[in-house]
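Just so you know, the sequences run in chain order H and Z. Residue numbering for the first sequence follows numbering that gives the first Met the number 0, starting at 0 and increasing by one per position. Residue numbering for the second sequence follows numbering that gives the first Met the number 0, starting at 0 and increasing by one per position.
It is possible that part of the hints are untrue.
Stated by the list, open to error - Within a straight-line C-alpha distance of at most 20 Å, the following computed SDA-like cross-link-like pairs (lysine to any residue) qualify: (1) H:131 with Z:270; (2) H:131 with Z:264; (3) H:16 with Z:93; (4) H:131 with Z:23; (5) Z:100 with H:131; (6) Z:97 with H:154.
Just so you know, these hints were derived from the structure itself, not from any lab.
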Amino acid sequence: MINLKNADPDFKWEIIKKEGGEGLLKCFGCSDCAASCPVRYFDDRYNPRKIIRLTLLGIKDQVLSSPFLWLCAHCHACTERCPQGIIVAEVINAIKNYAVEQGYCPEGYKVQLDLLRKMGRLYEVEDFDLKKRQKLGLPPIDKTIPEVKKILEYTNIATRVHSKNAHVNPKSEALNSKQIKITKTQNSKQESSPDQKMEKK
Amino acid sequence: MKKYALFLGCTVPIRAQHYELSARNTAKELDIEFAEMSGASCCGFPMKAVDAGTALLIAARNISIASKMNLNIITLCNSCTAMLSDAQLELKKNSFYKKFKELGFSYPHEIAVKHFVRMLYEDIGIEKIKASVKKPLTSLKVAAHYGCHYMRPSYLYGFDNPEIPHTFDELINATGAQSIDYHDKKMCCGGSVLGIDENLAITMANHKLNIAKDSQADALVSICPFCTVMYEDNQRKAEAKFETQYGLPVLYYPQLMGLSFGFDNNAVGIRFNRVRPNALLEKIGGQS
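From just these sequences and the hints, can you work out the full model?
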């Protein structure tokens, strides 16, 4: 049950202010995004329409603490089909950015941030790699790119990522409390996927 | 001779040297010259979910490097393509440009960002590629995997059809191989959720492996290192999870193209393919 007593009517305005959040208000809830979503096809814990509806209603804490927000693959299948022209994947991304500001950041991103700060790239370039590249006739690459650190300091991203002590709550029931349901794909006779459904139409 | 700045990103130069090697070697054959982008970093995409503004600045700094060289950027990774294209658009906005300037970066020449495969399609053309084919791969049936950020979001690219893409299929057909039609061709590889929920990511990858195998494809052909991580590096995991055997080779498009140009296995880095494409190589009459 959604309890509107605790709703925060300003939540949607906070999202609209974020990079990519602009289109949020145009949503009329048709669910084309959810129907087109490849992630939702496999795992109905993730539902872009539900995230957007809850955001518009101002159910802030539940949206932000939900781990399902982070399942968006940012593939833009939804963006292509939104009849309102909302860049849906960017709206979801804006909600993620806001969640980080509020102290909800998955651990994996913290690790990636540290790597970027140290090296400016995600994988360490070891001498072994450089030798291997040389053997293959590939040009050398920079081991570290310190200017990335300069950008990270300029935007002060670290304080956001490490702000407060809120964590993504794996037990959140806000969006869909169904058990993780991963169905084994069967040869040929599987249910038609979003693409096929569109093609049939 | 066409000249571009080659943007490598994080994964390609360390984990997918065969992609880079085959791309460089086939490019040479097609009279394409690549200039190195000294000082180029991660494209910024990994930070987008944390803070889009930071990711865009990292991307814009990379664009700045090529802009100073006055060369358009060619990317090998789909996600890098999307991130850099996004920043290229962002640089036209005053508020963003101000921050970019404050950091001491410059953008002297407006430049474009293109994926390697898009560049082949638009700037080189199918006919020129066909003309370079010395050993048509007519015995091969392969499954094209476009990957999400090759043609989506369409507002960034305005290239190909985001719902029914065709450019990559045409490029595959140019090598003599047949690009098969199979359902869920546009399905996402799951790479973006790998760090959040591995179980789900593997399930997504398995879906296409299953269909490609079922369609009797000799290989899946990829144009993104992230997608290949899902389909090739994680193929064993999918096999274990779903109690099956795929043994489906995953080639990068320039590898396939190189083979059709008559290159030997070393020139396209076949030994780096984690799922051995021996049967495929025998089929085309090469050494396995």
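Now the hints, each set against the structure:
1. The hinted pair formed by residue 131 of chain H and residue 270 of chain Z meets the criterion: a straight-line CA distance of about 13 Å does not exceed 20 Å.
2. Taken as a hint, the residue 131 of chain H and residue 264 of chain Z pair is honoured in the structure, with Cα atoms around 17 Å apart against an allowance of 20 Å.
3. Using a Cα cut-off of 20 Å, the hinted pair residue 16 of chain H and residue 93 of chain Z holds, with the two alpha carbons roughly 17 Å apart.
4. Proximity of residue 131 of chain H to residue 23 of chain Z is assessed by CA-CA distance (about 16 Å); at most 20 Å being required, the pair is judged to hold.
5. Proximity of residue 100 of chain Z to residue 131 of chain H is assessed by CA-CA distance (about 37 Å); at most 20 Å being required, the pair is judged violated.
6. Proximity of residue 97 of chain Z to residue 154 of chain H is assessed by CA-CA distance (about 13 Å); at most 20 Å being required, the pair is judged to hold.
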